[in-house]
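Since chain S is already given, all that's left is putting chains L, D and Y on it; use the hints.
Quick mapping for you: the protein sequence lines, in order, are chains S, L, D and Y. Here the first sequence stands for residues 127 to 281, numbered as in the working numbering. Here the second sequence stands for residues 463 to 624, numbered as in the working numbering. Here the third sequence stands for residues -7 to 281, numbered as in the working numbering. Here the fourth sequence stands for residues 14 to 797, numbered as in the working numbering.
FYI, nobody ran anything at the bench for these hints, they're computed from the structure. Since we're looking at a predicted model, the values are computed, not measured. A portion of the hints provided could be inaccurate.
In silico lysine to any residue, SDA-like type, Cα no more than 20 Å apart, as pairs [stated by the list, open to error]: (1) Y:Lys247 x Y:Thr284; (2) Y:Lys404 x Y:Ala27; (3) S:Lys260 x S:Glu162; (4) L:Lys552 x Y:Ala27; (5) Y:Lys31 x L:His548; (6) D:Lys181 x Y:Lys113.
Which residues of chain Y face chain S? A partial, calculated answer using Cβ under 10 Å [to be verified]: (7) Arg59; (8) Ala136; (9) Asp144.
Using N, Cα and C, we set each Cβ at its ideal position, and we do this for glycine too.
In case you want the letters, here they are:
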Amino acid sequence: MKIPMSGVERVDASPDQALAFVSDPNRVGRCMPDLEDLQVADARHFTATVKVGVGPVRGHLKMAVAITPDPTKPNELDLAVKGSGMGSGMDMTSHVRVAPADGGAAELHWTAEAAVSGPLASVGGRLLEAQAKKTTQNMFAAIRTALQTAGAAGA
Amino acid sequence: MSHHIEITVNGTHQALDVEPRLPLVFALREMLDLTGTHVGCDTTSCGACTVLVDGTPVKSCTMFAVQADGCSVETVEGLAAGGELHPLQKAFWENHGLQCGFCTPGMLMTAKALLARNPRPSEVEIRRGISGNLCRCTGYQNIVKAIQQAAAEQSTAAAAGD
Amino acid sequence: MIPAAFEYAAPKTVAEAIALLRGADSGGKILAGGQSLVPMMRFRLAAPNLLIDITRIPELRIFKEESGYLRIGAMVTHGELERSAMVGERYPLLASTARVVADPIVRERGTICGSLVHADPAGDWGAALIAARAQAVVTGPAGERTMPLDDFLVDTFTTALGEDEILTEVRVPTPPALSGGNYQKIERKVGDFATAAVGVQLTLSEQGAVEAVGIGLCAAGPVSLRATAAEGMLIGKVLDDASITAAAAAAATQAEPTADTRGAIDYKRDMVRVLTSRALHAARAAIRA
Amino acid sequence: MAIEAPSAPVLGQALKRKEDPRFIQGQGRYLDDIRLTGMLYMSLVRSPYAHARLVKIDKQPALAVPGVLAVITGEDLAGLGLHWMPTLAGDKQMVLATGKVLFQYQEVAAVVAESRAAAYDGAAAVEVEYDALPVLVDAKHALDPGAPLLRDDREQKTNQIWHWESGDSMATAAAMAKAEVTVKQDVYFPRCHASPLETCGCIADMNKATGRLTLYVTSQAPHVYRTVLAMVAKLPEQMIRVVSPDVGGGFGVKVGVYPGYVVAVVASIVTGHPVKWVETRTEHLGSTAFARDYHMNVEIGATKQGRVQALRVHTLADHGAFDSQANPSKWPAGLFNICTGSYDFAAAFVDVDAVYTNKPPGGVSYRCSFRVTEASYLIERAMDVLAAELKMDPADLRRKNFIPPERFPYTTPLGWTYDSGNYPANFEKALGLIGYDDLRREQTERRARGELMGIGISSFTEIVGAGPSAQFDILGLKMFDSAEIRVHPTGKALARFGVRHQGQGHETTFAQIVGSELGLPAADVLVEEGDTDTAPYGLGTYGSRSTPVAGGAAALCARRIREKAKKIAAHLLECGEHDVEWADGKFRVAGAPERAVTMQDCAFAAYTNPPPGLEPGLEATYYYDPPNFTFPFGTYVAVVDIDPGTGEVKVRRFLAVDDCGVVINPMIVDGQIHGGLTEGFAIAFMQEIPYDSEGNCLASNFTEYLVPTAVETPHWETDRTTTPSPHHPIGAKGVGESPNVGSPSAFVNAVVDALSPLGVRHVDMPLTRERIWRVLREHGVVSA
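Next up, chain S with everything else stripped away, as it sits in the complex (with noise of 0.2 Å):
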């Protein structure tokens, strides 16, 4: 099943403090919601492996992340992730657009569309969508949390 998913978040930092850290698999790998590991391969891929807990389904997913900047929009990525765990696939495609917004700071304007496939689906597949969703909108909004948590630091 095919999940489209959108959101935009301000975040407390200037857009190229936000493009950097969305482009950096360090920072960004740890915002991952509920990671439990984060290998990084290259200044573009990372592995992180996350737990799944949603009521008294459990498990964990192991996920290949590749950054892609855009060539032509120096303001904009694709986060492509493949993901397994569980019997299942979890493969997702997004595109993050930071623009500029009042006082200095930006936008993460972001599309995502996640595909399942396997037991998660079919067997999860009622309750899938709606969790995928939280899920996303988690990890954005940890970015949004800890540029935050970056921009007071480095204040």
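For chains L, D and Y alone, kept in the frame of chain S given last:
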């Protein structure tokens, strides 16, 4: 880690060492060789594995053997007491209440519990009562008929016994 | 299928069970009837380290009327409730719900409290007991706390239970005179989760106006839902076709179902309307003079 | 061949089934009940993706799991040349995936372990890396220019598998052009699944010392399995024994050879132990043979008075990732061109295009004689569409167009020769029994009150008993079937057959045929099936072929015994053979019927006192090659009421009047009809395997693939007429599939009839509440 359990199965005391994750149905089938109880699904839907635990029908794929410690379990193999067919077994045979036979043991155990609680059920009550057991072959009609016949026979026998 | 390996404990008291939960460091899971949990474990979508079987705790079997409430302990099964003459006489909402939960064999092992803790928005008891204005009794290391069921059910698969707490009981107010109730469910076949379902608990005044009404919606949102607008517009009104139609429409507006193999959003929302109307009619018919 | 009057009352009696005592006492022996010494368990790792490149399989985590002994992948099988296998339909199919996967739940790796639990643990631990590819789910887009190419292993770089035609396209086009009235309708028969209560499974036991492979397997066609295994695994056929123990329902899903069986054989060879593999329900629904998935477009040309003239059908068939349907090899669309049904068409033309999609393979199963269900549904639905166009009562339209009884044997424009039929008599019996005219009057009254009541008729013709060897074979194996009878000295008999029952009651009905032919009580005839070491070669039980083919073999084999026994009788009666008559179950002297000997007498003499010059013993084998198919028919009437608030359909009444020729055991025939109607009901109202845009199977277990319970299932009314088959040795036609073939259209016709005041002509199955509700809303009906 395995757990030691003691259960009574069809009147016989059994002591078993079981891994907690072992569903009761596999303990019956593979440790006690009582293969009459079948497995038909993964979702507690089909009822092929129905047995009676302390008289209550239970889908034995969804109860762990370790949970049955101290309980009395009845399976299809225990129905024909003393070699005489149970009225339900006889009625299923006479009314063509089975075809491939795979759902039959679970269906019989459910019917036994049903009649124990409601000795003269209506057709609607029987259909509701067996709605946790799936059958792919018979369309249920002859199963319902068989349960009605067994009910009539049992209550006649009970009346004669009074 | 066989679940992943786990440890098993069967405590004899609630205190022991809570201690085991604490010790399991969020890897523990309470096993009551197991009719939702075990299938998930067989699919290995759930894999607790420790299963704490509470079926051997006698105090959790409480099932009686006391101080204006029907007390339903954690180990009371759907089947036990379904067969209770007392429930049949005085709690028509609960009686009509118990008849349509899962299938008759699952009902023999599955428990009302277990179903609430599972917090599946398509579970029947959430909607029925919200309509009945039930209270959840939660026991933890610090003792008992009680809350409206509305607050207990937080989100899909999520309740207000702490990691070391157990839902030990649910308390349903004993309906006063001139009360009736009913549960209406659409399921594709026996044993299916609800496509949509609605529970109604109703009390009329001597004059025939609505004195109190509870309407709970099943499979109509991320969590069991109270149809607050519909309830509000019925209070003080005479329950006639017009007020029922209006309330049913309000309930449908409030519903936020998701699309799945059981139906699209518009269908499910309309079924909330149809079932609310039917449940209100049936609840009124269930009032004994 | 002449029909003989039943020679003993054994035939036609409602005898209690001989197989039942073991089943009601829990003593059946199904596949999973068998445990062999040293047996290991296998579990399969399956793809979560519907279409993906297979990047890497890491066995190590699984091998580290306690109890796991081996992990087998497609690459391992490639070394043995076993990673692909031929299908019965002339395609090939992956055993374990190499390179890429083509449907969700496709077999990717196998884990062999000491216990069931360890096998599951191991399967969960295997790490597989995939690269998702674009997914093709909708068959209607399979031939689009931009569609992903699924089978890049084939020479033809297209998703089209084959194109098949039947009939005269020019003549049909001409007749259609001249017709006063034409109707056209798209009709989809959804993808569904037989899903018997017992899933598929096997135990492969390769004995290294003897070199002999025993395969215990849930099979409807054990001999076919043996031959296929010999060809696939290149084992000498005499070194393979296939045993099909009690089978917990088949309905066609246990005809094909599945990858798991081949892997289990390899696993047994590799480990030197017996290896058991039993599917989970998810594996069963997600990977074994589905049924139907035919997108059909039908056109009928007729006169204004309602006389049908021409039929044209275009079909798109979704075959999934491999063409592995179990059809007769020269008939890629099976017997689909039976679609002219019970009606006298002057011209007809049918074509079918089969395509690949990212779904599991299959296509022929679920109580259907090779696409006959689709054909019957199509014509019965189309007749109602025509009736609506002509504003005629659908019963009258049928009456006008039935093939008249005097025209049998009747040859259809698509080439079939119907053996026998009396459609008007059967039809009028059904309409009389249900009270058709009264129902129509009641309907008028209810409609006036705004109620939705519908009456649906199906007057179908089936084609079963594949099949005559001139045209019908599977992988070259002619579709005969066989019987072997041994009469023991004490007059008791053992009868063995090449078919394999799965609940149809062969142990009783074949004993009745043999007993009736030999003058023995059915109780004295033991029927055995399922072991290729002992049973004569046969093609198996499916397509309602057991009675028409193996039943014919049973009768003729018994008559062969009788011929020999007659010589012995003459010897015992001390008369010439030509003076001996077989009458009332005994050999009698012509003109002195009181001088008689029984079959038991002859059997004893065959071993103790054979006539001089006659070979001792009393045994025979018969391979029966049917001269034609048989053509059972019937009339089904459904009466439904629709809840306008929820869209729920209540089946108020359902009457089935079948004609399956001579009845062997009426109790068993009624049971077959009840079961088939229930499956037809399920298909009409609730069963479908849908896939989402990613190719996820959305009905992979019994919480989503709906099997009706006793509560939803209607009460069935049954009756029959008897028109014997002129060519079958006992006049029987077969019945197993008729109720499933004939009933879906009756249900749908009834629902569409209920909705017809709104102008509705067709609604596709399954007729879920939501689908009906949507039709009602689209036509402005809103109700509480």
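Now for the hints, and whether the structure bears them out:
no., hint, verdict
1, Y:Lys247 x Y:Thr284, "holds, 19 Å"
2, Y:Lys404 x Y:Ala27, "violated, 44 Å"
3, S:Lys260 x S:Glu162, "holds, 18 Å"
4, L:Lys552 x Y:Ala27, "holds, 16 Å"
5, Y:Lys31 x L:His548, "holds, 18 Å"
6, D:Lys181 x Y:Lys113, "violated, 38 Å"
7, Arg59, "holds, 8 Å"
8, Ala136, "holds, 8 Å"
9, Asp144, "holds, 8 Å"
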